[in-house]
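As a plain string of letters, each chain reads:
There are 2 protein chains.
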Amino acid sequence: MKESFKNHTIFFKNSPRIIGHYSLVGKKESEGNFKEYFDEVLNDDLIREKSYESAERKMLQRAIDKATISANLKYEQIDAVVLGDLLNQITSSSFSARELPSAFIGVYGACSTMAESLIIGSMLIDGSYMENVACGTCSHFSSSEKQYRFPLELGNQRPIMAQWTVTGAGVSILSKADTGIKITCATFGKVEDYGVKDANNMGAAMAPAAMSTLIAHFDNTNTIPKDYDLILTGDLGKLGSDILRDLMEKSPYKLGENYSDCGAMIYSKRQHTMQGGSGAGASASVLNSYVIKKMEKGEFKKVLFVATGALLSPLTTLQGESIPAVAHAVVLEI
Amino acid sequence: MKESFKNHTIFFKNSPRIIGHYSLVGKKESEGNFKEYFDEVLNDDLIREKSYESAERKMLQRAIDKATISANLKYEQIDAVVLGDLLNQITSSSFSARELPSAFIGVYGACSTMAESLIIGSMLIDGSYMENVACGTCSHFSSSEKQYRFPLELGNQRPIMAQWTVTGAGVSILSKADTGIKITCATFGKVEDYGVKDANNMGAAMAPAAMSTLIAHFDNTNTIPKDYDLILTGDLGKLGSDILRDLMEKSPYKLGENYSDCGAMIYSKRQHTMQGGSGAGASASVLNSYVIKKMEKGEFKKVLFVATGALLSPLTTLQGESIPAVAHAVVLEI
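Chains as they are written, first to last, in my numbering: chain W, 1 to 334; chain V, 1 to 334.
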């Protein structure tokens, strides 16, 4: 078991509330296990844009737009947007933000971005610095393949450990309010690197980071896995979440039936995505649909959301580096 | 004049203090105007590493290391590192963080990153979430040229509006303490895009963002430029800072003699860098040397530090997009 990191967990005195949310996904994602939960499904991957990059941007803009409406707010009332994404220089985020009067806080945690943005957003509300903050991220299968792997036109074969980047976006609006799901505490992750060098096996690279954050979180909050109705990692995928289960067996915090992974769950078996979904949009779209809707219905009362990110770049892989990873955890309660 | 954004400015009740800092730069930077202020000068751009990317990473690691020592702390006492950089997927930051026991909070604001990391670090201290936080960034001329422009070996001519990416890193350690420079308030910037498409003219692209943040800041804090001993933008360069002066002439907040720009000042005229320096390391190294050292001597009592970032990517430029920009402002006082 790893040593624990006391101050990595932060507690919110004035728990921010999620007063609005929105998720939208591509067609493939809408045919998976969460089809009845997503707010919107794109008919067309390009959304009539000229490039996948501008389609990705449009998805994020739309999610911000609709989440703002769902919170009964106008753009002018969103004090800041805390956004990040996988494209170089997080341009989906910055280009979305230029359409808004809100302050822009750019973050990057790869596929852990949804959790990181929620934590920074929560600090802004808890500290009474701001009134309403939008937190979100997105990813797009085609822009990610192009940037991180190979041109789609090449028709490359996918290795068995691979995951499928989710085309999706999710945005939550945080505010000081009396009703709505509360964010009560959070644990920032430490970067872990166990020497995995295979950029097609992100699950294995990220599982140790998820373990490190989970152990720190349970230690610091005096909780155990059973205290949560759902423990949900981001996009470890099937193999990665199996590795995490194995790793946690050696800790005092064995994961039980209440543990799942957004990536492992988002596609159905018939969809042949190997280990499941990945991408910042995976956990963002699942959190802002399935998780939040189930909480609003009272089916989950306390959820531990642990988004996981592989902090590599195509260049570090070419230079023979291993893959550092990070996981940030957020507690949502009703 | 643009409308102002009330909640973009945040005030710290328990002002965090800068209890440690470190700056290091390359040889070229050490021959400029701030030569006597930098803590360390690299003899060799590669620092005996195999690639410029790993040299950049080593610079940031060293700055974190030395800043921690200057604060009389051990690594274990740094609760979090708030880092970002210009390389794809901010790998200088994430790879530096994997050497540390601290939590990793990845941020991205291009060359505004030093200010963004200071603001998020300040929130962590002000909210009593954490005890000590390291905030910093870096850039390297050769890794930036390679990623954003052309291979150095090509020997491309530099257009007259170009700036020279600073090889440098700067880190500040923030803490709850009774002595040291205080961070009293800050203004998050809104993304501005005035349609500039020339990726060799970043100063022009970023000046409107600096204006927008300055006006919001002065409005929200009821201050005027004369209230500060120094107003320092990040890396607008000579042309960009002239544009900012012009833009501010039309506002109620004309900039006077106390206004400067890190990029415009860092190199001497003899160094032929066209419009001066740029890069996240420009404002980070100048803040953590010249500015902080002058403040510690009492020569500056109140400084407004406004780091500026161009939020483009090489791909958005190729796709014909204009350049969005952001500027974040931080007030330092003794």
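Hints should not be assumed to be uniformly reliable.
Pairs count within a copy or across copies, as identical chains cannot be separated in the list.
Stated by the list, open to error - Derived lysine to aspartate or glutamate pairs resembling EDC-like cross-links, with alpha carbons at most 20 Å apart:
1. Lys13 to Glu131
2. Lys301 to Glu49
3. Lys226 to Asp45
4. Lys6 to Glu76
5. Lys6 to Asp44
6. Lys28 to Glu153
7. Lys254 to Glu321
The set of hints was computed from the structure by calculation and includes no laboratory data.
Verification of the supplied hints:
With identical chains, the CA atoms of Lys13 and Glu131 are at most 20 Å apart both within one copy (15 Å) and between copies (17 Å). Taking the closest pair of Cα atoms, Lys301 and Glu49 never come within 20 Å of each other, the shortest separation being 40 Å inside a single copy and 51 Å across copies. When the C-alpha separation of Lys226 and Asp45 is checked against a cutoff of 20 Å, the pair qualifies neither within a copy, at 40 Å, nor between copies, at 53 Å. Taking the closest pair of Cα atoms, Lys6 and Glu76 come within 20 Å of each other only across two copies (10 Å); inside a single copy the shortest separation is 38 Å, beyond that limit.
Taking the shortest alpha-carbon separations for Lys6 and Asp44, neither the intra-copy value of 46 Å nor the inter-copy value of 39 Å comes in at or below 20 Å. Only within a single protomer do Lys28 and Glu153 lie at most 20 Å apart by alpha-carbon distance; the minimum there is 19 Å, versus 44 Å between protomers. Proximity of Lys254 to Glu321 under the C-alpha cut-off of 20 Å is found in neither arrangement, the shortest distances being 31 Å within a copy and 50 Å between copies.
Figure legend: structure checked against the earlier numbered hints; hints not met, in rising order: 2, 3, 5 and 7.
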